Amino acid sequence: MPELPEVETIRRDLEPEIFGRVIAKVDVLQPDIVLPPHGPDAFRRQLRDRRIVGVRRRAKYLLFDVEGGSVLQVQLRMSGRFALGLEAPDPAEFRHIAARLHLDDGRILYYDDMRRLGGLRLLSLRDWKLEEKKLGPEPLASSYRATDLGRTLASTRSPVKNALMDQRRVAGVGNIYASEALFRAGVDPRRPGRDLNEPEIARLHRSVRSVLREALRQAGTSFQNYRAVNGRSGSFQASLSVYAREGEPCRTCDTPVERIVQAGRSTFFCPSCQR
DNA sequence: CTTGTACCCTGACCGC
DNA sequence: TGCGGTCAGGGTACAA
Numbered sequence: 353m354p355e356l357p358e359v360e361t362i363r364r365d366l367e368p369e370i371f372g373r374v375i376a377k378v379d380v381l382q383p384d385i386v387l388p389p390h391g392p393d394a395f396r397r398q399l400r401d402r403r404i405v406g407v408r409r410r411a412k413y414l415l416f417d418v419e420g421g422s423v424l425q426v427q428l429r430m431s432g433r434f435a436l437g438l439e440a441p442d443p444a445e446f447r448h449i450a451a452r453l454h455l456d457d458g459r460i461l462y463y464d465d466m467r468r469l470g471g472l473r474l475l476s477l478r479d480w481k482l483e484e485k486k487l488g489p490e491p492l493a494s495s496y497r498a499t500d501l502g503r504t505l506a507s508t509r510s511p512v513k514n515a516l517m518d519q520r521r522v523a524g525v526g527n528i529y530a531s532e533a534l535f536r537a538g539v540d541p542r543r544p545g546r547d548l549n550e551p552e553i554a555r556l557h558r559s560v561r562s563v564l565r566e567a568l569r570q571a572g573t574s575f576q577n578y579r580a581v582n583g584r585s586g587s588f589q590a591s592l593s594v595y596a597r598e599g600e601p602c603r604t605c606d607t608p609v610e611r612i613v614q615a616g617r618s619t620f621f622c623p624s625c626q627r
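Residue numbering for the first sequence follows the working numbering, starting at 353 and increasing by one per position.
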């Protein structure tokens with residue numbers, strides 16, 4: 353479920369706890385969350401006794417650099433999450449533990465994934481670099497400019513909402529923050545990407561960055577089932593302008609927020625403020 | 001090439 | 001209480 357701010361929040365929670373630790377043992381309880389190229393057995397063998405020398409994020413992926421030139425790539429997708437501790441987390445809340453990474457200090461990193469759409473992949477540094485080439489720029493990087501967004505939108509007739517969620521165009525924006533950024537920019541999510549003019553692109557660029565930054569400051573958005581590490585919740589849900597507010601009054605103009613479906617996903621917008 | 005749809009999976013919720 | 005339909009913060013395979 354997490355988008356960029358949620359994944360980055362998890363990264364910040366995990367890094368000081370697991371950086372430098374050695375993975376003493378790996379248990380795979382749900383084999384299908386181990387993603388190619390390795391099967392569960394090779395995955396477990398190759399991670400064992402390796403030190404974690406980096407805890408990074410790229411797009412919506414968490415990356416644990418392990419000594420020896422490998423990268424453990426974590427795709428949380430809709431329901432993946434972590435718990436860390438000496439003892440197992442509350443079994444009433446973490447009911448779908450799919451893997452356990454035992455650390456050399458006795459603590460265990462639990463990967464829980466109710467829907468099992470996410471997973472863990474062990475890649476060589478070289479293969480990760482190939483994967484990374486498919487991803488668009490990080491929207492919060494200082495090098496990310498309105499012209500970058502403009503170029504990527506100019507090349508598509510897709511609705512701008514879909515284009516924002518396309519990880520090859522810009523990395524880390526998902527269903528919540530696409531809707532929120534378009535509201536802030538005053539842009540109708542159904543407009544074809546290439547139809548946006550320069551001022552609209554400039555506004556959208558600022559909106560994407562500001563909404564992600566603010567969400568990050570509030571440790572992300574937590575609904576019933578999304579939590580950061582060990583169940584810590586974010587608070588950005590209180591700041592949402594349109595997402596999950598169908599029928600409620602727009603905070604700017606009181607027009608009821610509308611919900612439509614684009615590419616199979618809900619989009620929320622204010623038909624009056626967004627043109 | 002681009003774009004839309006089906007699908008992976010479990011659980012919560014709603015109307016009947 | 002049960003049952004079917006819908007929906008959920010993602011990404012990919014495949015068809016058109």
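Some hints here could point you the wrong way.
As the list claims (entries may be wrong) - Once the Cα atoms are required to be at most 25 Å apart in a straight line, the calculated SDA-like pairs of lysine to any residue come out as:
1) K481 / S422
2) K485 / S422
3) K377 / D401
4) K485 / M466
5) K377 / L415
6) K486 / R497
7) K485 / L469
8) K485 / D518
9) K486 / K377
10) K485 / R503
Claimed, not checked - Simulated restraints on C-beta separations:
11) D379 / R627: 49 to 57 Å
12) R627 / T508: 27 to 35 Å
13) A440 / F371: 38 to 46 Å
14) S585 / S624: 26 to 34 Å
15) G616 / G372: 17 to 25 Å
Honestly, the hints are just simulated from the structure, not real lab data. Every value quoted in this text rests on a predicted model; they were computed, and no experiment measured them. Each residue gets a CB set at the ideal place from its N, CA and C atoms; glycine is no exception.
Here is what the structure says about each hint:
About 11 Å separates the Cα atoms of K481 and S422, which keeps this hinted pair within 25 Å; it holds. Distance hint between K485 and S422 is fulfilled; the C-alpha atoms sit about 17 Å from each other, no more than 25 Å. Taking the CA atoms of K377 and D401, the gap is near 7 Å; set against the 25 Å cutoff, the hint holds. A threshold of 25 Å between alpha carbons decides the hint, and for K485 with M466 the separation of about 30 Å lies outside it, so the pair is violated.
With a C-alpha separation of about 18 Å, the suggested pairing of K377 with L415 holds against the 25 Å cut-off. Proposed proximity of K486 and R497 is supported: the alpha carbons are some 19 Å apart, at most 25 Å. Restraint check for K485 and L469: satisfied, since their Cα atoms lie roughly 23 Å apart, inside the 25 Å limit. With a CA separation close to 14 Å, the supplied pair K485 and D518 stays within the 25 Å bound.
Taken as a hint, the K486 and K377 pair is broken in the structure, with Cα atoms around 32 Å apart against an allowance of 25 Å. Taken as a hint, the K485 and R503 pair is honoured in the structure, with Cα atoms around 17 Å apart against an allowance of 25 Å. At about 53 Å, the beta-carbon gap between D379 and R627 stays in the expected band of 49 to 57 Å. For the hinted restraint 27 to 35 Å between R627 and T508, the CB-CB distance of approximately 19 Å leaves it violated.
Between A440 and F371 the beta carbon distance is about 23 Å. The supplied range of 38 to 46 Å is therefore violated. Checked against the given bound of 26 to 34 Å, the beta carbons of S585 and S624, roughly 32 Å apart, stay inside it. G616 and G372 have their C-beta atoms about 42 Å apart, which leaves the hinted 17 to 25 Å range violated.
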